[in-house]
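Colleague: Residue numbers (my numbering), protein chains in the order written: chain S, 1 to 368; chain F, 369 to 475.
Hints are supplied without guarantee of correctness; some may be wrong.
Heads up, incomplete: computed chain F residues facing chain S, CB under 8 Å, no partners named [what the hints assert, rightly or not]: (1) S374; (2) K378; (3) E412; (4) C423; (5) Q424; (6) D429; (7) M447; (8) W453; (9) G454; (10) A460; (11) N461; (12) D463.
Computed beta-carbon distance windows for the label pairs [claimed, not checked]: (13) F:L381 - S:R367: 56 to 64 Å; (14) S:L306 - F:E412: 18 to 26 Å; (15) S:K303 - F:G417: 20 to 28 Å; (16) F:E412 - S:R53: 35 to 43 Å; (17) S:T246 - F:G420: 19 to 27 Å; (18) F:E412 - S:N368: 45 to 53 Å; (19) S:I366 - F:Y450: 35 to 43 Å.
Note that these hints are calculated values from the structure, not bench results.
Glycine included, C-beta positions come from ideal geometry on N, C-alpha and C.
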Amino acid sequence: MKLKNVLKSAGVLGAVGLGSLASQAMADQEFLLTITRPNQLHVIDMSSNTIARTCDIPGPFGTGSIALSPDNTHAYVLSNGTKDVYGFDIRNCDITFKAEQSSPTEQVISMQSIAVSADGKELYTVQNPIKKLSDRFEVEQPRLAVFNIKDGMDAKVVRTFPVDRRITKIAVTDENEVILGGADLKGINPKTGEVRMVSKLASWEKGPLWLPPDAFAMHSQGEQMHEYIMPYVTAKFDSEDWNFETAEWWWGISRVDLKTGKATRDEVLPFQFIIFNFVADPRNPDILYGSFNTLSKHDISKKETLIVHDMPHTYYDLNISGDGKTLYVGGTSSDISIHDSDTLEKIGSIQLTGDMSTSDLRVATIRN
Amino acid sequence: MKHLKSLNKKAQLINQAVSPEEVEDVVAMQTVVGCTATTDPGWELDPFGGLGSLCQPMESDLYGCADACWWPAQVPDTMHTYPDWGKDVAKANEDWRKLDGIFEDGE
């Protein structure tokens, strides 16, 4: 909250003492970050739901994937069709980091995958390289690429380790293991390249009555809970004849606690409508909210959908305020829809200068 | 093919590829993760066989399908092939009429 707004609040309340005024002035500041076309990073003050500043990202749009530094003062974004990475100080839009991943002989794409180490010193991407030969392209082994953030505007890869194909969203645990969202959920040690299975999906062993899971990791906005959620859909058949009409269809989630690196995987809700992304309520990890053509609220401890609210258009993703009271629903078009998390009723809107497309909605909490 | 002899490395590779024992099995991408998962809504039918769970309206989903190379047959692939397709249209819901089709002959 800006000091001006604090003083304004103090005037309205009348009897605010110096002590509480000081505590408000020292309060954490929450900013909602997203990227719009043609290629701007917006920093939205969540206390007023207004755009605090807009940072121009060099190059063409790059799917809008955003990773935050541990202190949340810097945002790292994919640009130029996800080939390049830029880092911004979100307090003033200064560009502090740049890495061009491709070269004239090798094209490198990072499908959403960008994360910052737990100590804020390294940046990780999953690179999908293609060697550009004179008469053909050769698809090469995907790799985890490590950059030193202090290398600034001419950062080069300092280490690489081979990883699986089809990795999209990644995240870092407090122990600095990089969680890789792919066909299975795996973790890699970015110092040694050692890989471990975190949560099986494609290779799960639930038996012949379960449909192999169809998972989705385009977004994972779990910063308020410090977690990584990968939704999936599956079905339980009543026989090995696999009758799709009589099967039980389920939403499931693979869920990683980024504090401990421990994961759970469970079928949490009947599959009744499409949800692109889930976010948990910081006050109760059993309460999930989902977005797509509807905004929905669920209690996964009871495997129940509590509220479904129709939306005027599709929204790919959502995030939530630190107090759990306000939902921000975005992606796709150029407006962020704001909702009361108790009722899911719309309480506001933020109009942006361009479409968010597949961009993240990240919450950066700057602690004083 | 048995009467033809490959003259260069590329042709030899093609010969190897058409040999049945060299062709790898096609594995269904059941767990796709991230791109065109089978329960994603498409452009024709949703996973329930209807239209209600398609992205709505179409223009809100155009860039989401183009920028991440999500549905490259239905919309131009702005990540690789047609990076300038949406260059002058920041908001598809307002200016979707300016997003033209792609014609290979350039017309």
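Colleague: All hints, please: hold or fail.
Modeller: Each hint tested on the structure:
1. Of the supplied interface hints, the one on F:S374 is violated, with its beta-carbon coming no nearer than about 15 Å to a beta-carbon of chain S, more than 8 Å.
2. For F:K378, the shortest C-beta to C-beta distance to chain S is roughly 7 Å, which falls under 8 Å, so the interface hint holds.
3. Interface restraint check for F:E412: the shortest CB-CB distance to chain S comes to about 15 Å, outside 8 Å, so the restraint is violated.
4. Taking 8 Å as the C-beta cut-off, the interface hint given for F:C423 holds, the closest approach to chain S being about 4 Å.
5. Below 8 Å, beta-carbon pairs count as interface contacts, and F:Q424 has one with chain S at about 5 Å; its hint therefore holds.
6. Checking F:D429 against chain S: minimum C-beta separation of about 6 Å stays under 8 Å; hint holds.
7. At about 4 Å, the closest approach between the beta carbon of F:M447 and any beta carbon in chain S falls short of 8 Å, and the interface hint on this residue holds.
8. Below 8 Å, beta-carbon pairs count as interface contacts, and F:W453 has none with chain S, the closest being about 11 Å; its hint is therefore violated.
9. Against a cut-off of 8 Å between C-beta atoms, the interface hint on F:G454 holds, since the closest Cβ of chain S lies about 7 Å away.
10. The restraint placing F:A460 at the interface with chain S holds, with a minimum CB-CB distance near 5 Å, inside the 8 Å limit.
11. The interface hint given for F:N461 holds, since its Cβ lies 5 Å from the closest Cβ of chain S, which is under the 8 Å cut-off.
12. For F:D463, the interface hint is violated, the least distance from its beta-carbon to any beta-carbon of chain S being 10 Å, above 8 Å.
13. Between F:L381 and S:R367 the C-beta distance comes to about 58 Å, which sits within the given range of 56 to 64 Å.
14. Here the CB-CB span from S:L306 to F:E412 is close to 32 Å, at odds with the stated 18 to 26 Å.
15. For the hinted restraint 20 to 28 Å between S:K303 and F:G417, the CB-CB distance of approximately 24 Å keeps it satisfied.
16. About 41 Å separates the C-beta atoms of F:E412 and S:R53, a value consistent with the hinted range of 35 to 43 Å.
17. Distance hint check: the CB atoms of S:T246 and F:G420 are about 22 Å apart, consistent with the given range 19 to 27 Å.
18. Look at F:E412 against S:N368: about 52 Å separates their beta carbons, and that is inside 45 to 53 Å.
19. For S:I366 and F:Y450, the Cβ-Cβ distance of about 39 Å falls inside the hinted range of 35 to 43 Å, so the restraint holds.
Of the numbered hints listed earlier, those contradicted by the structure are 1, 3, 8, 12, 14.
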